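Asks: Chain residues, written in single-letter form:
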Amino acid sequence: MPDVRDALIIGKRSDGTLVRRPLSPHLQVYKPQISTGTSIINRATGIAISVGLILMVWWLVAAAEGPKAFASAQGFIGSPIGLILMFGWTVALWYHFCNGIRHLAWDAGYGYEIKTSHQTALIVVVATAVLTVISWIIGLAVWL
Amino acid sequence: MAQNDKLAVDVRRTYLGRAKGLGAAGSGVHHWWAERVTSVALIPLTLWFVFSVIGMAGHTQPEIAHWISHPLVAVLLIALILASFHHTQLGLQVVLEDYVHEEGQRLIAILVMKGVVYFLGLLALLAVLKLAI
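Chains A and B, in that order, give the protein sequences.
The working numbering numbers the first residue of the first sequence as 1 and each following residue consecutively.
The working numbering numbers the first residue of the second sequence as 1001 and each following residue consecutively.
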């Protein structure tokens, strides 16, 4: 055994043969469920928001640089690609925001019942849609 | 009592180890706790930031600069930047820990990621300070 920690992840099948227990992400042994989906999306949106932060940094740095730099940053955000990115970013942000609150409730010890967690999953999806739509109605009303 | 049950379960750990509470990771619950604290801070900060920025869609640089020059706005932006970039590097660290299995590569990946995230955070921070002061 190359590493003593391997002792903790070697298991036995019912026929006695040794098997290496799966490490995270153990997608190959878990049946996809609602909780799997909301969890994967939480991670994916977290990564997406991280990438989107580059845009926020650019926006702030351009504002600090002056009107010309800011106009080009603003121009990119207002371009078709920029708007698609901003739309994806708002969806990701509001999902991670809502599901993050769901996670905090779990951390506080609430909402572990399967039925409750399915209800909160639905609430998260609906709230994400509502917040995204509200954001874009306000944004487009101000912008246009 | 539940307290005694817990003691029985933990009996394979030394009392010193239990008292230190650092666990196998060597840093206790610090990472987990910092992720929670920053996420709670980000609830009001995100709402404030997103709706403020959306409310200024299409505004020009002087207008944005004027907005950031207000001390309360600048401080809230600084708080947002500190909380969000700290939360980001904590979250991405877990992602890399899960998917990069080779120890050396994992260490390098995490350090590079943290360097990039903190660099971007510092850029954002300086931009706000420049406009605020």
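No lab work stands behind these hints: they were computed from the structure.
As the structure is a prediction and not an experimental result, all values here were calculated from the model.
Every residue, glycine too, gets a C-beta built ideally from N, C-alpha and C.
Among the hints, a few may not be true.
Said to hold, decoys possible - Calculated pairs, DMTMM-like style, for lysine to aspartate or glutamate (alpha carbon to alpha carbon, straight line, at most 20 Å):
| id | chain 1 | residue 1 | chain 2 | residue 2 |
| --- | --- | --- | --- | --- |
| 1 | B | LYS1114 | B | GLU1097 |
| 2 | B | LYS1114 | B | ASP1098 |
| 3 | B | LYS1130 | A | ASP107 |
| 4 | B | LYS1114 | B | GLU1103 |
| 5 | B | LYS1114 | B | GLU1102 |
| 6 | A | LYS68 | B | GLU1063 |
To be verified - Calculated Cβ distances over 12 Å to all of chain B for the following chain A residues:
| id | residue |
| --- | --- |
| 7 | GLY11 |
| 8 | ARG13 |
| 9 | SER14 |
| 10 | THR17 |
| 11 | ALA44 |
| 12 | SER50 |
| 13 | LEU53 |
| 14 | GLY78 |
| 15 | ILE84 |
| 16 | THR90 |
| 17 | HIS96 |
| 18 | ASP107 |
| 19 | ILE114 |
| 20 | SER117 |
| 21 | ALA121 |
| 22 | ALA141 |
To be verified - To list a few chain B residues with every Cβ distance to chain A over 10 Å, as calculated:
| id | residue |
| --- | --- |
| 23 | THR1014 |
| 24 | LEU1082 |
| 25 | GLY1091 |
| 26 | LEU1111 |
Asks: Quick one: which hint numbers does this structure break? Sort them smallest to largest.
Replies: Hints 3, 11, 12, 13, 14, 16, 17, 18, 22 and 25 contradicted; others consistent.
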